[in-house]
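Engineer: For reference, the chains in residue letters:
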Amino acid sequence: RKEVEQDPGPFNVPEGATVAFNCTYSNSASQSFFWYRQDCRKEPKLLMSVYSSGNEDGRFTAQLNRASQYISLLIRDSKLSDSATYLCVVTEHTYSGGGADGLTFGKGTHLIIQP
Amino acid sequence: ETGVTQTPRHLVMGMTNKKSLKCEQHLGHNAMYWYKQSAKKPLELMFVYSLEERVENNSVPSRFSPECPNSSHLFLHLHTLQPEDSALYLCASSQELAGGTFTDTQYFGPGTRLTVL
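So the sequences go chain by chain: B and P.
To convert, note that position 100 of the first sequence is 100 in our numbering; the numbers rise steadily by one, no gaps.
To convert, note that position 34 of the second sequence is 34 in our numbering; the numbers rise steadily by one, no gaps.
Keep in mind the hints are simulated off the structure, nothing from the lab.
Each pair of labels, with its calculated beta carbon distance range:
#1 B/77 with P/95: 29 to 39 Å
#2 P/70 with B/56: 32 to 42 Å
#3 B/42 with P/60: 18 to 28 Å
#4 B/49 with P/56: 18 to 28 Å
#5 P/14 with B/22: 41 to 51 Å
Just so you know, even glycine gets a beta-carbon here, dropped at the ideal spot from N, CA and C.
Input sequences plus hints: build the corresponding full structure.
Structural biologist: Here it is, written out as C-alpha cells:
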C-alpha cells in the first residue's frame, strides 16, 4: 500500500522565521514529488514540484532524498499569508501506452504564521 | 479562477436519495479525476479518466458511479449513500502528453461538500 506520512502539526511560527517540514513515502518506485498548498475550505493548489537536485522558488526550497525516501520543504522569511496546510504528494508512472495516474497525498502539515 | 468548476458546492442528501455531482474543466486537459477528502484523512483518489476512458478505480463502492461523456465534463452519480460518505469531493484535471507521458500538475476544482443524513 502506498503511504505518504507527514507531521500534522500545527506548526506555530512567528512571522519572519524559517520553517521546515518533512514528508516520508513508502513506495520506492515513486517517480514524481510535489508540495501542494491547501487553504482552509479551499482546493489544493500546486506549490512546487520537487526535483532530485533540489529546487528553489523564491522563499521556498524543496529537496528530495531518494535513499531515505523523504521530501522536505523549507520556507524562509515566513509571511502571514503562508498560513495554510501543506500537502506532500507523490506519484508513480506505472502505466504503459498512455493513461493517467493519480496522486498519493499525505494528510498535510498545518502551518500557522503568527504576527 | 474558473479553470475547473464544480456544482453544486454544497449538497445535503438522505441515504435513499440519488444525486449527481458535476465537474467541468476549461483548461483543454484530457484527464480528469475524482478525489474524496474526509476530515483527518488524506485525499483519496477515487476514479481516473484519460481520454474519456476510465483507467483507474481504487475499489470504490458501487454506490458511486462516475461518468465522463467528454474530455471537459465529469460526473459522479450518487445513490444509497451512507453517512460515512460525507466528505469534500474534489474534481481535478491534468494533461496527458503524447508517448505516454503527462504533466503531473493537477488542477483542482473548489469541491462539493457532501453531507449524508
